[in-house]
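Counting from 1, one number per residue, gives the positions in the sequence shown under the numbering used here.
Derived by calculation from the structure, the hints in this document are not laboratory data.
Hints are supplied without guarantee of correctness; some may be wrong.
[Said to hold, decoys possible] Here are the simulated distance ranges between beta carbons:
| hint | residue 1 | residue 2 | range |
| --- | --- | --- | --- |
| 1 | L42 | H3 | 22 to 28 Å |
| 2 | H15 | L59 | 18 to 24 Å |
| 3 | D46 | H15 | 22 to 28 Å |
| 4 | P21 | F52 | 16 to 22 Å |
| 5 | M48 | E17 | 17 to 23 Å |
| 6 | S4 | P62 | 31 to 37 Å |
| 7 | F52 | L8 | 19 to 25 Å |
| 8 | S4 | D44 | 15 to 21 Å |
| 9 | H3 | P62 | 26 to 32 Å |
[What the hints assert, rightly or not] Under the rule of at most 20 Å between Cα atoms (straight-line distance), these lysine to any residue pairs were calculated in the SDA-like manner:
| hint | residue 1 | residue 2 |
| --- | --- | --- |
| 10 | K14 | I26 |
| 11 | K14 | S4 |
| 12 | K14 | H25 |
| 13 | K14 | H3 |
In this text, a Cβ means the ideal position worked out from N, Cα and C, and glycines have one as well.
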Amino acid sequence: MCHSVNNLEHHHFKHAEHRRPGDVHIHFFGADMFSFKDRLRLEDGDVMSIAFEGFGRPLRNPIRVDDSDEKLVVAKSL
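Take these sequences, add in the hints, and give me the full structure.
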C-alpha cells in the first residue's frame, strides 16, 4: 500500500455517511495475506466477528448472499 494513514483518513471521512457520531471505523491492513492467500470464501449464513479485550461485546456481521439476478450496480463500457 502506498498511502499514508492521513491520506486514508482524509478520503474515508470525506463521505458524509462515514461521519456519523457514535460509529466505529476499523481498517484492516494486509488483508490479502488472510482473505486471498488462504482463499477465504464467505458463504450465506457465515458470521464475521471481531472483538478486542476491553471494548465490550464483539461486533458481529451476519453474511447474506443475494443470488437473485437483480444487480445493484450496472457498469457500462465507455
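- Task: Using the beta carbons of F52 and L8, state whether their distance is inside 19 to 25 Å or not.
- Result: holds, 20 Å
- Task: Starting from the range 16 to 22 Å, see whether the pair P21 and F52 falls in it by beta-carbon distance.
- Result: holds, 21 Å
- Item | 22 to 28 Å as the expected CB spacing between H3 and L42, which holds or is violated | Between L42 and H3, where Cβ atoms are some 25 Å apart, the hint holds.
- Query: If you check the beta carbons of D46 and H15, does the distance land in 22 to 28 Å?
  - Reply: holds, 27 Å
- Item | Pairwise hint evaluation, I26 against K14, where the allowed Cα distance is 20 Å at most | Holds, at about 16 Å.
- Does H3 lie within 20 Å of K14 when you go C-alpha to C-alpha? holds, 16 Å
- Query: Range hint 18 to 24 Å: satisfied by the CB atoms of H15 and L59?
  - Reply: holds, 20 Å
- Straight-line Cα separation of K14 and S4 no greater than 20 Å? holds, 16 Å
- Does the hinted range 15 to 21 Å hold for S4 and D44 at CB? For S4 and D44 the Cβ distance comes to about 37 Å; the hint is violated.
- Message: Can you confirm whether the C-alpha distance between K14 and H25 stays at or below 20 Å?
- Response: Within the cut-off at roughly 14 Å; holds.
- P62 and S4 - C-beta distance against the hinted 31 to 37 Å: With a Cβ separation near 34 Å, S4 and P62 satisfy 31 to 37 Å, so the hint holds.
- For M48 and E17, compare the CB-CB distance with the range 17 to 23 Å and indicate the outcome. Holds - the Cβ-Cβ distance for M48 and E17, about 20 Å, lies within 17 to 23 Å.
Checked against the numbered hints given earlier, this structure breaks only hint 8.
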